[in-house]
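For the protein sequence lines, the chains are W and G, in the order given.
Residues 589 to 953 in our numbering are what the first sequence spells out, letter by letter.
Residues 589 to 953 in our numbering are what the second sequence spells out, letter by letter.
The hints are simulated quantities; they were obtained by calculation from the structure and are not laboratory data.
If you're wondering where the values come from, they're calculated on a predicted model, not measured in any experiment.
All C-beta atoms in this analysis are idealised placements derived from N, C-alpha and C, irrespective of residue type, glycine included.
Each hint should be verified, as a subset may be incorrect.
Computed, partial: chain W to chain G, Cβ under 7 Å [said to hold, decoys possible]:
1. M592
2. V687
3. Y689
4. F691
5. A695
6. P701
7. V706
8. H709
9. G710
10. T719
11. D743
12. A746
13. D767
14. G828
15. Y833
Protein chains: 2
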Amino acid sequence: MPNMTLRTPVVWSDACLLHDPKGEVWVGVPIEGTEIAARAEVIRAAMEAAGAPVTTATPHDDTVLDAVHDRGLTRWLSTSLADWERDGFPTNPGQDRVVPYVFPTQAMLGGMPLRSPVAVHGRAGQYGYDTMTLVGPGTWQAARGAVDAALTAVDLVASGDHAVAYALCRPPGHHVTVDGYGGSCYLNNAAVAAQALRGKGHERVAVIDIDAHHGNGTQMIFYGRSDVFYGSVHVDPAAGWFPHYVGHADETGRDGGVGANHNVPLAEGTADDRWLEGVASLAEDVRRHGATALVVSLGVDAAINDPESPLQITDDGYRAAGEQLAALGLPTVAVQEGGYHLPSLGGLVVATITGLETRERRHGQ
Amino acid sequence: MPNMTLRTPVVWSDACLLHDPKGEVWVGVPIEGTEIAARAEVIRAAMEAAGAPVTTATPHDDTVLDAVHDRGLTRWLSTSLADWERDGFPTNPGQDRVVPYVFPTQAMLGGMPLRSPVAVHGRAGQYGYDTMTLVGPGTWQAARGAVDAALTAVDLVASGDHAVAYALCRPPGHHVTVDGYGGSCYLNNAAVAAQALRGKGHERVAVIDIDAHHGNGTQMIFYGRSDVFYGSVHVDPAAGWFPHYVGHADETGRDGGVGANHNVPLAEGTADDRWLEGVASLAEDVRRHGATALVVSLGVDAAINDPESPLQITDDGYRAAGEQLAALGLPTVAVQEGGYHLPSLGGLVVATITGLETRERRHGQ
Chain W
589 MPNMTLRTPV VWSDACLLHD PKGEVWVGVP IEGTEIAARA EVIRAAMEAA GAPVTTATPH
649 DDTVLDAVHD RGLTRWLSTS LADWERDGFP TNPGQDRVVP YVFPTQAMLG GMPLRSPVAV
709 HGRAGQYGYD TMTLVGPGTW QAARGAVDAA LTAVDLVASG DHAVAYALCR PPGHHVTVDG
769 YGGSCYLNNA AVAAQALRGK GHERVAVIDI DAHHGNGTQM IFYGRSDVFY GSVHVDPAAG
829 WFPHYVGHAD ETGRDGGVGA NHNVPLAEGT ADDRWLEGVA SLAEDVRRHG ATALVVSLGV
889 DAAINDPESP LQITDDGYRA AGEQLAALGL PTVAVQEGGY HLPSLGGLVV ATITGLETRE
949 RRHGQ
Chain G
589 MPNMTLRTPV VWSDACLLHD PKGEVWVGVP IEGTEIAARA EVIRAAMEAA GAPVTTATPH
649 DDTVLDAVHD RGLTRWLSTS LADWERDGFP TNPGQDRVVP YVFPTQAMLG GMPLRSPVAV
709 HGRAGQYGYD TMTLVGPGTW QAARGAVDAA LTAVDLVASG DHAVAYALCR PPGHHVTVDG
769 YGGSCYLNNA AVAAQALRGK GHERVAVIDI DAHHGNGTQM IFYGRSDVFY GSVHVDPAAG
829 WFPHYVGHAD ETGRDGGVGA NHNVPLAEGT ADDRWLEGVA SLAEDVRRHG ATALVVSLGV
889 DAAINDPESP LQITDDGYRA AGEQLAALGL PTVAVQEGGY HLPSLGGLVV ATITGLETRE
949 RRHGQ
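If we strip away everything but chain W, and leave its shape as in the complex, we get (with noise of 0.2 Å):
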């Protein structure tokens, strides 16, 4: 680690640490699950000890997270836990958590519109798309803290007194669409950043993605937007890898939106080198778009040792990766995202931190 003391406010919120529940639903095997309060008191514990200051979020209202998502999904998984044991939904014993079990697929429906069913067990998989995403206890409070923590994290940047802030998000949220939660994300924190970005003045926003997964959700709520630019670098999902159904290269947006999406799908065991061509690629991209600020989805769990993905990037690839968003010379929100790898992870967010601090410590100190 550099010799040097990071000055990139932490955004922390104190309920992050509620979300738990208790496990996850994969291929019909109950696992105990990666997505785990201890991983946000690591990073934070490591960004104090680089120095960085520690900021509470503040509460904002849902006049953002509105604009972002749709209030049949916000009001699902405010409410869904208390339906699901007002109804006796199981359950395993200490385990009061929903877990969709039927899905309104294409498949299923064939073209039938979609109706909100009225059971909570049968509704749980009209918003709820894949079984590892649980909702239990603290589940909510977690989720809404952290659209606070990105907030906060906005009015850090757009008051000027940062170039940058770093929203410490659990749990992460780029998998998120307007209406669909999935891949242990429930609220889109990165969209609702970007957003409130824009109710900032910013007419066009960029949204780079690092984490190793595509992150569909974001890339869907701006699929028909030319204001927000969306690009990932990420696991190819055509190697199998989540979320399978989206995050290709040929998908670049529709409607006034086509131009504004690149995805930069990566084969399993991409290391550095090709790893930050690719985010070299979406920089470029953001200068083309012309955005005037920026929200980095910072996913750690690209890492070498993380064991949610097949890529190998390391501490000093996460470090150029933050350089080269920082050259762009933006006002930039750092959200964090996935990162599995209890050990490493809160080394990989510094490193990030300190290479998009790169700018900052050049012209400023």
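Fit chain G to the given chain W structure using the hints.
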């Protein structure tokens, strides 16, 4: 039971016993499941005890199957377990079975075209729309055997030798759409029978579904067609029952099929009288439709003791339903669907077939 001997042939496939996915996953909880091989055995025993002749299903090629289902679905069902095992997917010891975990719902895709994932665990959710309907060793053989049973029953009726034939299909089929399986069903035996009857020269065919649950698959397959009428009495999905998303009264068909679909959703606790009114109204529809052949989706899970539905139908009710449908005077293929209360299953099927034989007994003996 009336003092008589059943003459309706029972078409049997030994393969029906091979399907044993060792449970289901319901709202995230692995459970034992009720769609078990013993169901077929107790029904067969009861039919034999009632004097019904048992005949073995004969192999049929895929012509009719391909007219009903997408080839992607049949390929998936016949090959996915091998892919699953090859790729090392989990699983609990001794439980090799395919279970989806991510589903391309509208909320997930947000209007993106559906692209078939390369990875077997990703692709699973393209075809399987719930977590209850697992593909294990023997699943394909059993499902394909059930199709042969349905087609053999059609042959027996089409030959003129029998007014009624009964295919003891297991697994059941009415939840299978053109390209989606679920609800413990894999191939739509009733739809195959109806399509086969069309091929035997019946210009108009009707499917009457008296299973406790809506046959969303059969509805979907014929939804845009006027040549096959689909009618169903079932517990109201809006009361919180599978298939949750489909089976409402206002679903009446699309395009050329408008008017050839009739759902009679019933309140929880509905007993014989109201249920039989529903069956009578569907019989009237069949007359109006001008069908010259009938398929009965014979689920007996509407029975009073069945664990899978809240309807309260008695043996007498099922016999009366059989009589109402017999009064149509049409060549009739009955296809087994649900029914999960082992002690009463056999008697319920015997009662229904007894009713269906009414006309034959009256005129033929």
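Comparing the hints with the structure gives:
Of the supplied interface hints, the one on M592 (chain W) is violated, with its beta-carbon coming no nearer than about 42 Å to a beta-carbon of chain G, more than 7 Å. Interface hint status for V687 (chain W): upheld, as the beta-carbon distance to the closest one in chain G is roughly 3 Å, under 7 Å. Residue-level restraint check for Y689 (chain W) holds (minimum Cβ-Cβ distance to chain G is 5 Å; threshold 7 Å). With a least beta-carbon distance of about 4 Å to chain G, the hint placing F691 (chain W) at the interface is held under the 7 Å criterion.
Evaluation of the A695 (chain W) hint against chain G yields a held restraint, the C-beta minimum of about 3 Å falling below 7 Å. This hint is violated: P701 (chain W) has a C-beta 10 Å from the nearest C-beta of chain G, more than the 7 Å allowed. Checking V706 (chain W) against chain G by beta carbon gives a least distance of about 5 Å; that is within 7 Å, so the hint holds. Residue-level restraint check for H709 (chain W) holds (minimum Cβ-Cβ distance to chain G is 5 Å; threshold 7 Å).
Hint status for G710 (chain W) relative to chain G: holds, with the closest Cβ pair at about 3 Å, below 7 Å. Annotation: interface hint on T719 (chain W) holds; nearest CB of chain G at approximately 5 Å, less than 7 Å. Contact between D743 (chain W) and chain G, as hinted, is not supported at the beta carbon level, the nearest pair being about 29 Å apart and thus beyond 7 Å. Because the beta carbon of A746 (chain W) sits about 28 Å from the nearest beta carbon in chain G, more than 7 Å, this interface hint is broken.
Against a cut-off of 7 Å between C-beta atoms, the interface hint on D767 (chain W) holds, since the closest Cβ of chain G lies about 5 Å away. The closest approach between the C-beta of G828 (chain W) and any C-beta of chain G is roughly 3 Å, which is under the 7 Å cut-off, so the hint is satisfied. Below 7 Å, beta-carbon pairs count as interface contacts, and Y833 (chain W) has one with chain G at about 5 Å; its hint therefore holds.
Taken one by one, the earlier hints fail for this structure at numbers 1, 6, 11 and 12, listed in ascending order.
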